[in-house]
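For reference, the chains in residue letters:
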Amino acid sequence: MNRLQSLARRSLLPILAVVTALLLGAVVIVITDFENLSKLGSDPIAALGGALAGVGRGYGAMLSGAFGDPGRIVTALQSGNEKDIATAIRPLTETLVASTPLIFTGLAVAISFRAGMFNIGGDGQLIVGALGATTTAIALQGVAPAAVILVAAIVVGTIFGGAWGFVPGFLKARTGAHEVITTIMLNYIAAQVVLFALRGDFLRQPGGGQPISKVMTTFVDVPGILPLPGIRLDFGFVVALVMAVVASFFLFRTTKGFELRSAGFNLTAARYAGMSAGGSIMLAMFLSGALAGMGGSFMVIGTVGQLSNDLSGGIGFNAIALALLAGLRPTGVVLAALLFGALTTGGKLMGIQSGIPFDLLFFIQALVIMFVAAPGLVRTIYRIKPPKPEAEVAA
Amino acid sequence: MDWKACVAFDTGGLGDKGFNDLAKKGLEDAAAAGYETAFSEAQGATDYAANIQRLIDEGCQTIVTVGFLQSQATADAAIANPEVAFAQVDTAWNTAGPDFIPGNEDDTPIPPNFTGLDYQIDQAAMLAGYLAAGFSESGKIGTYGGQQFPGVTRFMDGMYAGIAYYNEQKGTNVVLLGWDGDSTGTFVGGDNPWNDPAKGEQLAQALLDQGVDIVHPVAGATGNGSIKAMLDAGKWAIGVDTDQAISLAEYAGAILTSAQKAIDVSVLDVIAKNAGGNLGGEDYSGTLFNEGVLISPYHEFESVISAELQAEVETLKDQLSKGEISVCEYLARGC
Chain Y
1 MNRLQSLARR SLLPILAVVT ALLLGAVVIV ITDFENLSKL GSDPIAALGG
51 ALAGVGRGYG AMLSGAFGDP GRIVTALQSG NEKDIATAIR PLTETLVAST
101 PLIFTGLAVA ISFRAGMFNI GGDGQLIVGA LGATTTAIAL QGVAPAAVIL
151 VAAIVVGTIF GGAWGFVPGF LKARTGAHEV ITTIMLNYIA AQVVLFALRG
201 DFLRQPGGGQ PISKVMTTFV DVPGILPLPG IRLDFGFVVA LVMAVVASFF
251 LFRTTKGFEL RSAGFNLTAA RYAGMSAGGS IMLAMFLSGA LAGMGGSFMV
301 IGTVGQLSND LSGGIGFNAI ALALLAGLRP TGVVLAALLF GALTTGGKLM
351 GIQSGIPFDL LFFIQALVIM FVAAPGLVRT IYRIKPPKPE AEVAA
Chain S
1 MDWKACVAFD TGGLGDKGFN DLAKKGLEDA AAAGYETAFS EAQGATDYAA
51 NIQRLIDEGC QTIVTVGFLQ SQATADAAIA NPEVAFAQVD TAWNTAGPDF
101 IPGNEDDTPI PPNFTGLDYQ IDQAAMLAGY LAAGFSESGK IGTYGGQQFP
151 GVTRFMDGMY AGIAYYNEQK GTNVVLLGWD GDSTGTFVGG DNPWNDPAKG
201 EQLAQALLDQ GVDIVHPVAG ATGNGSIKAM LDAGKWAIGV DTDQAISLAE
251 YAGAILTSAQ KAIDVSVLDV IAKNAGGNLG GEDYSGTLFN EGVLISPYHE
301 FESVISAELQ AEVETLKDQL SKGEISVCEY LARGC
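Top line first, the protein sequences correspond to chains Y and S.
Each residue of the first sequence is one higher than the one before, counting from 1 in the numbering used here.
Each residue of the second sequence is one higher than the one before, counting from 1 in the numbering used here.
Simulated from the structure, these hints should not be mistaken for laboratory data.
A quick note: this is a predicted structure, and the numbers were derived from the prediction, not measured.
From the three backbone atoms N, C-alpha and C, an ideal C-beta is built for every residue, glycine too.
Hints may contain errors.
To be verified - Between beta-carbon pairs, the in silico distance windows are:
hint, chain 1, residue 1, chain 2, residue 2, range
1, S, Leu14, Y, Gly279, 23 to 31 Å
2, Y, Phe202, S, Gln205, 15 to 23 Å
3, S, Pro102, Y, Gly200, 41 to 49 Å
4, Y, Ala46, S, Gln310, 13 to 21 Å
5, Y, Leu4, S, Asp2, 19 to 27 Å
6, S, Ala33, Y, Gly200, 44 to 52 Å
7, Y, Ile189, S, Leu309, 16 to 24 Å
8, S, Gly190, Y, Ile384, 19 to 27 Å
9, Y, Gly279, S, Pro102, 31 to 39 Å
10, S, Glu83, Y, Gly71, 18 to 26 Å
To be verified - The calculated lysine-lysine pairs, modelled on BS3-like cross-linking and capped at a C-alpha distance of 30 Å, are:
hint, chain 1, residue 1, chain 2, residue 2
11, S, Lys24, S, Lys4
12, S, Lys4, S, Lys322
13, Y, Lys83, S, Lys273
14, S, Lys322, S, Lys273
15, S, Lys24, Y, Lys39
16, S, Lys170, S, Lys322
17, S, Lys235, S, Lys199
18, S, Lys140, S, Lys235
19, S, Lys24, S, Lys199
20, S, Lys25, Y, Lys39
21, S, Lys273, S, Lys4
22, Y, Lys83, S, Lys4
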């Protein structure tokens, strides 16, 4: 089977999962449209038509919120007016901005899961990484040039995140403490550590006592990709793509990567084959935390410019979902992160334009995960034959 | 009316029956008054600037942001979009610039298109504190906050000052547990400080065990659990942000009054002001004098609270309005 066919085959179930989830989302929009439903008795056709029009408006807003309006983009490009171009392409760039931390954390989850480690601690690792980056940047303010601050902050943030991920890896390898419990608990500890750090004068924004850090954009900022006003897309996105390539190479083309995956397949067999399974677990968790920490660092130094304890907003948990959707493959993670980025960005505009609460997106995302986790369900709905066992191994 | 008014909420979220919902009510009142409206919700810190930008792109002419987490995003947007009017709930403009040190080159005067909506809630809370001190049978009043934010401790300051003033006037020794009038007190903390009613019940029970008979929780929906516990114990509570005897009608039997911010009124006011051509340039400060802060009607307790105590609260309100008394005079840390 050639690569294209195998890719199409692998993508079929996730795509059907997304389509099914969106259809069920539409059903929810209809049955919660009380204004139209109240007319069901008197004028059923108008009521249903109105409700379906609501779905169209909602999903239409989601599409234009995620990708922009093609006609408007063309007109703006022809006009050459910077501000018009920025406004027209902003939905698209915002989708990429939203995808960036999802790529980092999605890769983080993929690597740990490949080693058999169910890392639920992406949120904690992300925010501890962000704390490391923020502390470094503020410590170096006025001491070093902006470029040095930028690199140092990202490196330290990555190491902080890695260290935070290493702890549950170490505990698992040495004591057998289950990583699901330790990573979840470390999320809580991370949140408190960050709040505590934000109470001190060193990081905290002066003038109010509120737990938010000083604004860093005045002295360090990840450079933007497009020189347009109000476009936040920066080189963090490019680094995220590079990391996906690196992660893919590491997992599938290096000995360490093979050992790591072997530990995930069968710990006992890996040990029997003379591999250091404990070492693989610790390495996987360090790399996982480091990727999440790098993602957090790019958020605080780049798009947000400030540390607060609501930085992540559940990205670490969404990452688990999208990594599973991606079949734990780095290329898949990038595609799934773009999809989730588009859903969340589009969902925001859907909320503003149509009043359909953003919470519907959680519902849709949860359904996507459910369908991916239970492939039999989608196969049954669409009457797809299960793949032959050898095809699964080859993939 | 040809004016589009919008609200950008932070991650605190709608449905708190307090702060955020009050801003929402202000927007709904604006819609009822004929304005075009829209609002956005945020899931994390990356959403703030993006949501404000979306509202601008949607043609919003007044954008009200809620919560201190959005301060920087709001300030940046106000400077970058001089044709759009901005207002922020619970914030005053920071004239000292990003370094917060006044008197240097990054100082930024308030832009002509910004209105900070700030509330001197300690004034209203002081009235509630005085009332509580006069009403308490055990002479012990309790308070706690969700997290130690200035917007929270301002309520607790007011309670402290009201009780201290009562003691000074009457020679009594009513005490406040949970806040020392300076910088130390009880806070819920944890990962869910604002939305944990069960925890609120426990905290109220702990205070009841220490002999407290009136509690003033400043912790969103967590505090609602405390009010329930006080009702179950046949004791009382002081509400927060909104008239909780109405928003939490099922617990009205325990709610003496609430220290209230008229956020909904000021949101509607600022929208009307903007639509009239005045885009801002001056912060609004809600006081007892301009009725931006107030204590709620006593409802069921109208006939229970002695006429004498009610009259004394009225007198204190007068004195605070006229500036004859200030809250900080009665704080442990002073002015």
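Going down the list of hints, with the structure as the test:
{"no.": "1", "hint": "Leu14(S) / Gly279(Y): 23 to 31 Å", "verdict": "48 Å, violated"}
{"no.": "2", "hint": "Phe202(Y) / Gln205(S): 15 to 23 Å", "verdict": "38 Å, violated"}
{"no.": "3", "hint": "Pro102(S) / Gly200(Y): 41 to 49 Å", "verdict": "22 Å, violated"}
{"no.": "4", "hint": "Ala46(Y) / Gln310(S): 13 to 21 Å", "verdict": "55 Å, violated"}
{"no.": "5", "hint": "Leu4(Y) / Asp2(S): 19 to 27 Å", "verdict": "55 Å, violated"}
{"no.": "6", "hint": "Ala33(S) / Gly200(Y): 44 to 52 Å", "verdict": "46 Å, holds"}
{"no.": "7", "hint": "Ile189(Y) / Leu309(S): 16 to 24 Å", "verdict": "48 Å, violated"}
{"no.": "8", "hint": "Gly190(S) / Ile384(Y): 19 to 27 Å", "verdict": "46 Å, violated"}
{"no.": "9", "hint": "Gly279(Y) / Pro102(S): 31 to 39 Å", "verdict": "56 Å, violated"}
{"no.": "10", "hint": "Glu83(S) / Gly71(Y): 18 to 26 Å", "verdict": "25 Å, holds"}
{"no.": "11", "hint": "Lys24(S) / Lys4(S)", "verdict": "15 Å, holds"}
{"no.": "12", "hint": "Lys4(S) / Lys322(S)", "verdict": "37 Å, violated"}
{"no.": "13", "hint": "Lys83(Y) / Lys273(S)", "verdict": "28 Å, holds"}
{"no.": "14", "hint": "Lys322(S) / Lys273(S)", "verdict": "26 Å, holds"}
{"no.": "15", "hint": "Lys24(S) / Lys39(Y)", "verdict": "27 Å, holds"}
{"no.": "16", "hint": "Lys170(S) / Lys322(S)", "verdict": "22 Å, holds"}
{"no.": "17", "hint": "Lys235(S) / Lys199(S)", "verdict": "18 Å, holds"}
{"no.": "18", "hint": "Lys140(S) / Lys235(S)", "verdict": "12 Å, holds"}
{"no.": "19", "hint": "Lys24(S) / Lys199(S)", "verdict": "26 Å, holds"}
{"no.": "20", "hint": "Lys25(S) / Lys39(Y)", "verdict": "26 Å, holds"}
{"no.": "21", "hint": "Lys273(S) / Lys4(S)", "verdict": "13 Å, holds"}
{"no.": "22", "hint": "Lys83(Y) / Lys4(S)", "verdict": "21 Å, holds"}
The structure does not agree with the numbered hints 1, 2, 3, 4, 5, 7, 8, 9 and 12 stated previously, though it agrees with the rest.
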